[in-house]
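Starting from the structure of chain Z, add chain S where the hints point.
Each protein sequence line maps, in turn, to chains Z and S.
Here the numbering used here is used: position 95 in the first sequence is 95, and no number is missing along the way.
Here the numbering used here is used: position 190 in the second sequence is 190, and no number is missing along the way.
Simulated from the structure, these hints should not be mistaken for laboratory data.
Virtual Cβ for every residue (Gly too), placed ideally from N, Cα, C.
One should not assume that every hint holds.
[What the hints assert, rightly or not] Listing some non-contacts, in silico: residues in chain Z with all C-beta distances to chain S over 10 angstroms:
hint, residue
1, Met18
2, Lys22
3, Glu33
4, Phe42
5, Gly43
6, Lys63
7, Ser103
8, Glu105
9, Lys111
10, Asp141
[Stated by the list, open to error] Think about it this way: if two alpha-carbon atoms lie no more than 30 angstroms apart in a straight line, the pair counts; the simulated DSSO-like pairs of lysine-lysine are:
hint, chain 1, residue 1, chain 2, residue 2
11, S, Lys424, S, Lys347
12, S, Lys250, Z, Lys12
13, Z, Lys155, S, Lys88
14, S, Lys236, Z, Lys22
15, S, Lys89, S, Lys366
16, S, Lys302, Z, Lys12
17, Z, Lys63, S, Lys302
18, S, Lys302, Z, Lys77
19, Z, Lys152, S, Lys443
20, Z, Lys111, S, Lys482
21, S, Lys88, Z, Lys158
22, Z, Lys77, S, Lys250
23, Z, Lys15, S, Lys302
24, Z, Lys22, S, Lys250
25, Z, Lys111, S, Lys462
26, Z, Lys155, S, Lys366
27, Z, Lys111, S, Lys479
28, Z, Lys152, S, Lys89
29, S, Lys257, Z, Lys22
30, Z, Lys22, S, Lys302
31, S, Lys236, Z, Lys63
32, Z, Lys111, S, Lys25
33, Z, Lys152, S, Lys121
34, S, Lys366, Z, Lys22
35, S, Lys253, Z, Lys15
36, Z, Lys63, S, Lys253
37, S, Lys302, Z, Lys6
38, S, Lys462, Z, Lys51
39, S, Lys257, S, Lys5
40, Z, Lys81, S, Lys250
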Amino acid sequence: MYVRPKPPSDDKRFKQLMREMKRHGYARNSLIEVLHSAQEAFGYLEDEVMKFVALSLQLPLSKVYGVATFYSFFTLKPQGKHTCVVCTGTACYIKGADRIMESIENEYGIKDGDTTEDDELSLLSARCFGSCNLAPMAIIDGEVAGYLDEDKTLKWLKGVLYV
Amino acid sequence: MSEMKTIHSLEELEELAEVLREEQKSKSRITVCTGVACSSLGSEELAKELSEESKNLENCEVKKVGCKGLCALGVLVEDDKNMYHSLKKDDAKNLLAMMEGTQESSEYILSKDIPFYSKQKKIVLENAGYIDPDSLDDYIAADGYKALFSAISDMERSEVIDEIKKSGLRGRGGGGYPTGLKWSTVEKAIGDQKYVICNADEGDPGAFMDRSVMEADPHRVIEGMAIAAYAVGANKGYLYIRAEYPLAVKRIKLAIKRAEKFGLLGENICGSGFSLKLDVRLGAGAFVCGEETALLSSIEGKRGTPTPRPPYPAESGLWGKPTLINNVETYANIAPIIRNGGDWYAKIGTESSKGTKVFALTGQIKNSGMIEVPMGITLEQIIFEIGGGMALGREFKAVQTGGPSGGCIPRDHLNLEVDYENLKSVGSMMGSGGMIVMDESSKMVEVAKFFMEFCMSESCGKCVPCRVGTVQMYEILKKISKKDGTRKDLALLEELCDVVRNTSLCGLGQSAPNPVVSTLRFFKEEYENLLVESRCHISISKEA
Numbered sequence: 001m002y003v004r005p006k007p008p009s010d011d012k013r014f015k016q017l018m019r020e021m022k023r024h025g026y027a028r029n030s031l032i033e034v035l036h037s038a039q040e041a042f043g044y045l046e047d048e049v050m051k052f053v054a055l056s057l058q059l060p061l062s063k064v065y066g067v068a069t070f071y072s073f074f075t076l077k078p079q080g081k082h083t084c085v086v087c088t089g090t091a092c093y094i095k096g097a098d099r100i101m102e103s104i105e106n107e108y109g110i111k112d113g114d115t116t117e118d119d120e121l122s123l124l125s126a127r128c129f130g131s132c133n134l135a136p137m138a139i140i141d142g143e144v145a146g147y148l149d150e151d152k153t154l155k156w157l158k159g160v161l162y163v
Numbered sequence: 001m002s003e004m005k006t007i008h009s010l011e012e013l014e015e016l017a018e019v020l021r022e023e024q025k026s027k028s029r030i031t032v033c034t035g036v037a038c039s040s041l042g043s044e045e046l047a048k049e050l051s052e053e054s055k056n057l058e059n060c061e062v063k064k065v066g067c068k069g070l071c072a073l074g075v076l077v078e079d080d081k082n083m084y085h086s087l088k089k090d091d092a093k094n095l096l097a098m099m100e101g102t103q104e105s106s107e108y109i110l111s112k113d114i115p116f117y118s119k120q121k122k123i124v125l126e127n128a129g130y131i132d133p134d135s136l137d138d139y140i141a142a143d144g145y146k147a148l149f150s151a152i153s154d155m156e157r158s159e160v161i162d163e164i165k166k167s168g169l170r171g172r173g174g175g176g177y178p179t180g181l182k183w184s185t186v187e188k189a190i191g192d193q194k195y196v197i198c199n200a201d202e203g204d205p206g207a208f209m210d211r212s213v214m215e216a217d218p219h220r221v222i223e224g225m226a227i228a229a230y231a232v233g234a235n236k237g238y239l240y241i242r243a244e245y246p247l248a249v250k251r252i253k254l255a256i257k258r259a260e261k262f263g264l265l266g267e268n269i270c271g272s273g274f275s276l277k278l279d280v281r282l283g284a285g286a287f288v289c290g291e292e293t294a295l296l297s298s299i300e301g302k303r304g305t306p307t308p309r310p311p312y313p314a315e316s317g318l319w320g321k322p323t324l325i326n327n328v329e330t331y332a333n334i335a336p337i338i339r340n341g342g343d344w345y346a347k348i349g350t351e352s353s354k355g356t357k358v359f360a361l362t363g364q365i366k367n368s369g370m371i372e373v374p375m376g377i378t379l380e381q382i383i384f385e386i387g388g389g390m391a392l393g394r395e396f397k398a399v400q401t402g403g404p405s406g407g408c409i410p411r412d413h414l415n416l417e418v419d420y421e422n423l424k425s426v427g428s429m430m431g432s433g434g435m436i437v438m439d440e441s442s443k444m445v446e447v448a449k450f451f452m453e454f455c456m457s458e459s460c461g462k463c464v465p466c467r468v469g470t471v472q473m474y475e476i477l478k479k480i481s482k483k484d485g486t487r488k489d490l491a492l493l494e495e496l497c498d499v500v501r502n503t504s505l506c507g508l509g510q511s512a513p514n515p516v517v518s519t520l521r522f523f524k525e526e527y528e529n530l531l532v533e534s535r536c537h538i539s540i541s542k543e544a
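For reference, chain Z alone in the conformation it holds in the complex:
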């Protein structure tokens, strides 16, 4: 009989993940749901987590990795203390989202998808949050920042970083 793997460490979050998989009856088709919960708990999908999920759901690791890299919502890199997700949808684009992105890139020396060396800020982009009336907008640490321009964005970031 197949024996489900033990968590790789006694990190509580693995227990939580196990419970989540059990709730889905260890169904292979619940992979995306499970990865969502894993990312919520761990912040990103580290190798160890993906291996554990693969073994538990009896899927090849390549399948899990394939799904994790296919969907842009999943990240395989740890995130910084703060995150800034700039919307690059059409409405934001025609109102200058590229300039906002650029201003952050220049100020903090990171590119879209990167984290600053001191792990303070991760810069990300999103396809559209459906908040086009606030264009151009970003989500900074979960908070909606609308009607942005370069100055306003940098000011907002100064307000949350290194404090």
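For chain S alone, coordinates are given in the frame of chain Z:
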């Protein structure tokens, strides 16, 4: 609600609705818009403050509601008499004084007679901005679930499908496939297990109609799905919602739970033996998953890559079973059609496109927001009457519809009557309903490059024309926008448009060239002015 019990029949439901309506009539209501735009302007705080301040007023309740539409003038609040606009989070006291008439209010009152509201026709959005999305009572008082219960108790499955056919409703996800026909194909398909799916993977950038509908009136979508499930013979369904819409996910999940608790969903609904179990599946940020076969792969827990059709999902869909897939707005139209009849719906709109369409009106326009208009209204009416014209006093240049699969429509075609066929005839498409207005500051080659970059990175990589073609088209557009492109490049770009359109596996690739084709059709001089040859020409003529 606490005394409410399982509802077993249409009569019980109607009685309850009557009681709830009486209860509502006895109170005066203040509704505060908590849509995304108003929330970010502090409407949550304002609502809280208003509840505090109005505590001592007799029979007054403050309700947080979904989007009221005119996002550009938020925060919006409405009482039984007036709508108030441009409020701030600490305006509670002032607002109550205005409502009592002890404070001057004229500059805050928004007349409902302005074209923004008077030119609209609300069917899908009839409850949006009026009912509390988390309250099943509010939905039932607004005739909620009446259509489902009358379908189950008074109509044969075929009669339901006939009614939808009569209405002329077509898929609101963009394709425009006749909904009734789709339903009857699934109904006829042979299988012991059938599924209904709601496509809420609203991926078009610049489109937020489905989000607003789910956030403002979640039960309407569920009721539409339940009627569909009854009609096609499904007992299990999924709502596939983007992970970028956490509030919509929360509201839909809560709505399902409440509906189940009171027997409006679940086992043996309305004592008829008809059962339906609904579940939510989260998307994970892949545009291609809006394509129905890719969406099915994703629900099955796999990479969201499309498969060739046929077989169509109607015959072989989720786990190989007959599956009905409709978009959020399509389902949101179902309950009113069943309540009022297919003929009523078919009276609205044009010959080929019936009913209304919800659009997200954004870009360089004054009244940005969410609107619902009858099919057949002209673009000019939408942009200059409802939309109030251009912001910042600039000149109109083009309106983009249909997202990355659509096109840019220039000034000459503003008198176009909006319907599926007309939009296609000018190289765009209905799409899910994003309408982005651009002024003279937008450069069309850049816009085409923006959409091509989008399609390039969202291509799933399964078929060559899309995976390679979009990269090549993007590179050429980049070259042209840097003023390094030649006539030969432009010719190659046009050829690639043709190849990618005709040889790609799914809708993403087939429509990826559209933004290029449409800008080439209407704004070719902008491309030509950037070519190496025209630069040489200019410099030579200067020397001469």
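Quick rundown of the hints versus the structure:
1. Methionine 18 of chain Z, annotated as away from the interface, keeps every beta carbon of chain S farther than 10 angstroms; the closest lies near 18 angstroms.
2. With 10 angstroms as the threshold on Cβ separation, the claim that lysine 22 of chain Z sits away from chain S holds: the shortest Cβ distance comes to roughly 16 angstroms.
3. Not every CB of chain S is more than 10 angstroms from the CB of glutamate 33 of chain Z (nearest about 7 angstroms), against its label as outside the interface.
4. At roughly 16 angstroms from the closest C-beta of chain S, the C-beta of phenylalanine 42 of chain Z stays outside 10 angstroms, upholding its exclusion from the interface.
5. For glycine 43 of chain Z, the shortest C-beta to C-beta distance to chain S comes to about 15 angstroms, beyond the 10 angstroms cut-off, and the non-interface label holds.
6. Remark: the non-interface label on lysine 63 of chain Z conflicts with the geometry, its nearest Cβ contact in chain S lying 8 angstroms away (cut-off 10 angstroms).
7. Its beta-carbon lying about 19 angstroms from the closest one in chain S, serine 103 of chain Z satisfies the requirement of being farther than 10 angstroms from that chain.
8. The Cβ of glutamate 105 of chain Z sits about 17 angstroms from the closest Cβ of chain S, beyond the 10 angstroms cut-off, so the non-interface label holds.
9. Taking the minimum C-beta to C-beta distance to chain S, about 15 angstroms, the non-interface status of lysine 111 of chain Z holds against the 10 angstroms cut.
10. Residue placement check: aspartate 141 of chain Z keeps its beta carbon more than 10 angstroms from all beta carbons of chain S (closest about 14 angstroms).
11. A hinted pair counts as satisfied when its Cα atoms are at most 30 angstroms apart, and lysine 424 of chain S with lysine 347 of chain S qualifies at roughly 23 angstroms.
12. Between lysine 250 of chain S and lysine 12 of chain Z the CA atoms are separated by roughly 25 angstroms; this keeps the pair inside 30 angstroms, and the hint holds.
13. Only pairs whose Cα atoms come within 30 angstroms are accepted, and lysine 155 of chain Z paired with lysine 88 of chain S is accepted, the gap being roughly 22 angstroms.
14. Only pairs whose Cα atoms come within 30 angstroms are accepted, and lysine 236 of chain S paired with lysine 22 of chain Z is accepted, the gap being roughly 21 angstroms.
15. Taking the CA atoms of lysine 89 of chain S and lysine 366 of chain S, the gap is about 23 angstroms. The hint holds against a cut of 30 angstroms.
16. Restraint check: the Cα-Cα separation between lysine 302 of chain S and lysine 12 of chain Z comes to about 28 angstroms, which is no more than 30 angstroms; the hinted pair holds.
17. For the suggested pair lysine 63 of chain Z and lysine 302 of chain S, the alpha carbons sit about 8 angstroms apart, so the restraint of at most 30 angstroms is met.
18. For the hint pairing lysine 302 of chain S with lysine 77 of chain Z, the CA-to-CA distance comes to about 21 angstroms; that is within 30 angstroms, so the pair holds.
19. Taking the CA atoms of lysine 152 of chain Z and lysine 443 of chain S, the gap is near 25 angstroms; set against the 30 angstroms cutoff, the hint holds.
20. For the given pair, lysine 111 of chain Z sits about 22 angstroms from lysine 482 of chain S by alpha-carbon distance, which is consistent with the 30 angstroms threshold.
21. Taking the CA atoms of lysine 88 of chain S and lysine 158 of chain Z, the gap is near 25 angstroms; set against the 30 angstroms cutoff, the hint holds.
22. A hinted pair counts as satisfied when its Cα atoms are at most 30 angstroms apart, and lysine 77 of chain Z with lysine 250 of chain S qualifies at roughly 27 angstroms.
23. Distance check on the hinted pair: lysine 15 of chain Z and lysine 302 of chain S sit about 24 angstroms apart at the alpha-carbon level, within 30 angstroms; holds.
24. Distance check on the hinted pair: lysine 22 of chain Z and lysine 250 of chain S sit about 22 angstroms apart at the alpha-carbon level, within 30 angstroms; holds.
25. Taken as a hint, the lysine 111 of chain Z and lysine 462 of chain S pair is honoured in the structure, with Cα atoms around 28 angstroms apart against an allowance of 30 angstroms.
26. Simply put, lysine 155 of chain Z and lysine 366 of chain S have alpha-carbon atoms about 27 angstroms apart, close enough for the 30 angstroms limit, and the pair holds.
27. With a C-alpha separation of about 22 angstroms, the suggested pair lysine 111 of chain Z and lysine 479 of chain S falls inside the 30 angstroms cut-off, and the hint holds.
28. Proximity of lysine 152 of chain Z to lysine 89 of chain S is assessed by CA-CA distance (about 20 angstroms); at most 30 angstroms being required, the pair is judged to hold.
29. At most 30 angstroms may separate the alpha-carbon atoms for a hinted pair to count; lysine 257 of chain S and lysine 22 of chain Z meet this at roughly 21 angstroms.
30. Distance hint between lysine 22 of chain Z and lysine 302 of chain S is fulfilled; the C-alpha atoms sit about 19 angstroms from each other, no more than 30 angstroms.
31. At roughly 27 angstroms between alpha-carbon atoms, lysine 236 of chain S and lysine 63 of chain Z fall within 30 angstroms of each other, so this suggested pair holds.
32. Taking the CA atoms of lysine 111 of chain Z and lysine 25 of chain S, the gap is near 56 angstroms; set against the 30 angstroms cutoff, the hint is violated.
33. Distance restraint check for lysine 152 of chain Z and lysine 121 of chain S: the Cα-Cα separation of roughly 38 angstroms exceeds the 30 angstroms cut-off, and the hinted pair is therefore not satisfied.
34. The hinted pair formed by lysine 366 of chain S and lysine 22 of chain Z fails the criterion: a straight-line CA distance of about 51 angstroms is larger than 30 angstroms.
35. With a C-alpha separation of about 25 angstroms, the suggested pairing of lysine 253 of chain S with lysine 15 of chain Z holds against the 30 angstroms cut-off.
36. Distance restraint check for lysine 63 of chain Z and lysine 253 of chain S: the Cα-Cα separation of roughly 29 angstroms lies within the 30 angstroms cut-off, and the hinted pair is therefore satisfied.
37. Taking the CA atoms of lysine 302 of chain S and lysine 6 of chain Z, the gap is near 25 angstroms; set against the 30 angstroms cutoff, the hint holds.
38. The hinted pair formed by lysine 462 of chain S and lysine 51 of chain Z meets the criterion: a straight-line CA distance of about 26 angstroms does not exceed 30 angstroms.
39. Among the hinted pairs, lysine 257 of chain S with lysine 5 of chain S is consistent with the structure: their alpha-carbon atoms are about 14 angstroms apart, no more than 30 angstroms.
40. At most 30 angstroms may separate the alpha-carbon atoms for a hinted pair to count; lysine 81 of chain Z and lysine 250 of chain S meet this at roughly 26 angstroms.
Of the hints listed earlier, those the structure fails to meet are numbers 3, 6, 32, 33 and 34, in rising order.
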